[in-house]
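**Q** Read top to bottom, the protein sequences are chains R and G. When we follow this note's numbering, the leftmost residue of the first sequence carries the number 1, and every step to the right adds one. When we follow this note's numbering, the leftmost residue of the second sequence carries the number 492, and every step to the right adds one.
Calculated directly from the structure, the hints in this document are not laboratory data. It cannot be assumed that every hint is accurate.
Below, simulated EDC-like cross-link-like pairs (lysine to aspartate or glutamate); rule was C-alpha separation at most 20 Å, straight line [as the list claims (entries may be wrong)]:
(1) G:K813 - G:E860
(2) G:K538 - R:D53
(3) G:K839 - R:D141
(4) R:K57 - G:D744
(5) G:K835 - R:D141
(6) G:K568 - R:D102
(7) G:K513 - R:D24
(8) G:K604 - R:E115
(9) G:K546 - R:E46
(10) G:K595 - R:D311
(11) R:K104 - G:D744
(12) G:K548 - R:D24
2 protein chains.
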Amino acid sequence: MSKNITKRSEDYSKWYNELVVKADLAENSGVRGCMVIKPYGYAIWEKMQAELDKKFKETGHQNAYFPLFIPKSYFSKEASHVDGFAKECAVVTHYRLKTGEDGKTIEVDPEAKLEEELIVRPTSETIIWDTYRKWIESYRDLPILVNQWANVVRWEMRTRLFLRTAEFLWQEGHTAHATEKEAVAEAEQMLDVYADFAENFMAIPVVKGFKTENERFAGAIETYCIEALMQDGKALQAGTSHFLGQNFAKAFDVKFTNQEGKQEYVWATSWGVSTRLMGALVMTHSDDNGLVLPPNLAPIQVVIVPIHKTDEQLEEIREEVKKVTDQFKKLNISFKFDDRTTFKPGWKFNEYELKGVPLRVAIGPKDLENGTFEVARRDTFTKEIVAKDDIVTYVQDMLEEIQSNLFNKAKTYRDSHITEANSFEEFKDLLENKGGFISAHWDGTIETEEKIKDLTKATIRCIPIDRKEEDGICILTGAPSKGRVLFAKAY
Amino acid sequence: MSKNITKRSEDYSKWYNELVVKADLAENSGVRGCMVIKPYGYAIWEKMQAELDKKFKETGHQNAYFPLFIPKSYFSKEASHVDGFAKECAVVTHYRLKTGEDGKTIEVDPEAKLEEELIVRPTSETIIWDTYRKWIESYRDLPILVNQWANVVRWEMRTRLFLRTAEFLWQEGHTAHATEKEAVAEAEQMLDVYADFAENFMAIPVVKGFKTENERFAGAIETYCIEALMQDGKALQAGTSHFLGQNFAKAFDVKFTNQEGKQEYVWATSWGVSTRLMGALVMTHSDDNGLVLPPNLAPIQVVIVPIHKTDEQLEEIREEVKKVTDQFKKLNISFKFDDRTTFKPGWKFNEYELKGVPLRVAIGPKDLENGTFEVARRDTFTKEIVAKDDIVTYVQDMLEEIQSNLFNKAKTYRDSHITEANSFEEFKDLLENKGGFISAHWDGTIETEEKIKDLTKATIRCIPIDRKEEDGICILTGAPSKGRVLFAKAY
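Assemble the whole structure, with the sequences as input and the hints as a guide.
**A** Below, the structure written as structure tokens:
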């Protein structure tokens with residue numbers, strides 16, 4: 001089996017599109033802009049969900065579920081929110097179909113028109129704050145720390161699997177607090193949760209930062225983000241956490257009685273990550289041979305392939321393998337023993353390479369004689385012969401080693417692609433010839449930000465949380481600046 | 492705090508509606524027919540999901556995700572399916588809104604009309620079989636054993652929380668097989684999975700059976716179901732599994748090459764349970780004091796309430812409690828130590844009774860002296876004083892005892908409410924004065940089934956899988972019958 005995937009160096013974008021489909025992660029559906037997430041891709045998403053859900057619960061959050069539909073009028077209530085979200089969206093206008101005159105086709109029943117159109121949620125702040133009004137009376141009802149796992153729809157004209165689809169899956173946290181300080185602390189805490197998850201679970205290094213006013217979530221006072229860098233030098237926003245102030249509380253009249261008996265508006269946050277992370281995963285670690293998965297996210301961590309000529313050999317192999325996999329089960333190492341006889345070992349090697357299985361263990365007649373296994377790493381392509389008594393410990397250690405190697409490799413790449421530019425010429429040259437994050441001074445105005453975007457397609461990805469104070473001049477206007485921001489072309 | 496819930500004997504339906512809201516399970520939203528599932532209710536649903544998901548995976552299924560939207564034309568492809576599902580549904584006709592002339596309100600942009608309307612999925616057979624066509628070429632690609640956790644929408648005119656809502660959450664399994672035999676076996680296996688789950692996890696006894704032709708899923712050759720009995724004598728369909736034959740394969744042209752190299756249509760099943768199970772849970776076990784939850788489903792299995800006058804006492808209690816809860820953690824017993832001083836113990840007792848927490852442990856100054864705890868059961872209201880050295884074992888045993896007690900209690904009620912009727916008079920009398928399942932002979936025709944429904948509102952819930960062959964005559968028409976079926980009024 002030839003993989004037939006375009007090389008990254010030839011056409012990175014094509015490589016991505018082909019890999020997502022060939023590795024069985026997702027594919028386009030018959031519905032414009034909507035994807036099918038295939039079992040192998042969904043198994044990875046489930047691992048992300050499980051880990052995030054655990055982290056949310058450890059930080060005191062509970063899950064709940066709010067309606068898919070939002071009455072159109074809700075969007076008019078928060079002025080900036082409507083511009084950001086209610087424009088490109090799926091609108092439900094009718095609630096019935098009827099059989100056409102030919103008795104076969106079906107058509108919309110004009111008599112079943114809704115009084116008020118319903119919007120398929122693009123994000124749930126409005127419906128949730130309309131609900132919170134009923135839940136909150138006094139400071140005793142606060143904080144509310146709720147998360148929702150859901151599908152959302154944003155009518156995108158140009159879609160790409162995982163990166164930009166009309167429907168996608170995500171989680172959206174929505175919290176309500178008695179004080180500004182507490183809400184800000186929550187938004188910052190969730191940013192840390194996301195950064196920890198990205199780096200220590202997905203092996204994707206991220207920069208934590210603030211969005212500029214221009215790039216903020218519609219309705220937010222402050223948007224925090226984590227920004228990752230893909231192998232082609234383009235940035236990808238991997239998660240956001242918003243401090244919403246009292247905007248939604250005011251729009252939906254959500255007040256509480258404080259400890260002094262006075263009425264106050266409630267403070268809010270929201271935060272989310274989505275199936276976009278699947279795209280970040282692919283573009284951070286994978287190579288021309290297919291997916292490369294960090295062991296934490298691999299549906300199959302170890303694949304075991306028997307190499308045999310006779311049925312007796314296969315039986316012998318099976319016995320040896322069982323001793324090992326019994327240990328794997330106890331250690332929660334996920335494995336697959338692929339003893340199908342309909343496919344040759346070489347075909348299988350290729351297949352699991354494409355699917356990004358971190359470790360491949362092969363065992364043949366020679367191994368039986370010598371009491372060994374051959375273990376191959378997906379990330380480095382190195383192979384070792386391991387004695388059967390050592391195999392379990394070896395695999396266990398190696399999975400950890402691969403997890404940290406992938407992070408370190410990505411971090412080395414990312415760190416070497418944060419470059420300072422001190423003039424607009426230098427900036428353009430770096431963008432053109434090197435890519436990555438460009439750290440540069442900016443005068444703080446929306447006008448300059450947009451002009452740079454028009455001229456170069458680069459946007460301000462974030463103002464890093466840990467940036468140094470440093471006097472400088474804006475690369476475009478020469479106006480004074482107090483510190484650098486990170487620019488990049490982005491997904 | 493008074494619970495203020497209507498008594499079941501006064502108005503069962505009102506009792507249910509009030510309890511669901513007051514116990515914080517769910518509430519109506521601002522969107523007609525759509526509910527908000529509150530954190531406490533959602534925590535119960537998550538436990539159901541986790542258990543079902545485990546069972547699905549143990550039986551070889553994988554999760555995947557298919558689009559929310561289905562092009563209208565897909566529904567015309569399977570003739571019986573369109574009548575069943577595509578009529579009362581949410582129809583997306585536009586993909587954009589614009590700001591109105593007042594600059595504030597927003598309205599549908601008439602220029603953004605979709606070429607083909609999209610239906611919000613009421614069930615996913617059509618979109619999934621449209622996808623399977625691309626996945627299946629040869630017998631080697633079969634079986635496909637896929638499940639999806641998703642939201643679906645059916646435009647119901649009269650809605651009730653959990654029982655009948657426009658949007659609900661569910662899982663839908665969709666499998667593809669090479670042979671009829673294998674597909675039938677799959678449909679039957681999943682029925683068994685559901686029955687096992689209902690009885691051994693939810694403590695809800697169920698009858699396994701077949702649906703009559705009239706009550707079959709639109710597009711199915713055979714619909715298997717599990718039927719439960721609520722405390723008011725009405726039945727509730729708790730899960731269905733469908734053998735779909737080759738209907739969807741033919742509608743979507745899904746063929747495979749068999750081992751002999753010949754083209755054949757693929758065989759299908761689908762099966763699902765939904766948030767409706769939350770309604771079944773409430774109406775099987777709960778009482779006039781509030782929810783009663785089987786320990787398997789209780790978000791909090793044990794609540795511990797301190798009774799103290801001084802801070803020193805509370806400190807002492809805290810120490811004793813910690814020793815116990817450390818053990819609970821190791822044993823995966825979920826607990827809450829409610830040491831809030833803003834609420835009195837009596838208020839808390841009431842609250843946790845309403846929420847259905849299976850065991851309440853109280854500890855006061857006297858218990859400190861005596862080295863004891865007071866343990867109260869939610870299901871029987873019995874209390875016992877337990878020595879602190881025995882408390883962990885006692886709680887562990889008691890949780891098992893409550894789980895089986897609830898099942899036995901429900902089963903005794905259910906078994907005593909399956910009554911044979913041998914004439915239509917007897918049938919009507921039983922329906923009127925006793926309720927429950929009525930086991931009666933029926934002549935096997937749709938006409939009789941519908942006539943009985945018109946006359947009594949009772950429907951055939953199922954033809955029990957294990958029914959005896961027995962010659963008899965139809966209660967309505969006197970025509971011959973080979974065995975009894977179960978009638979009931981139903982949710």
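**Q** Could you work out which of the previously given hints the structure breaks and list their numbers from low to high?
**A** Structure breaks hints 4, 7 and 10.
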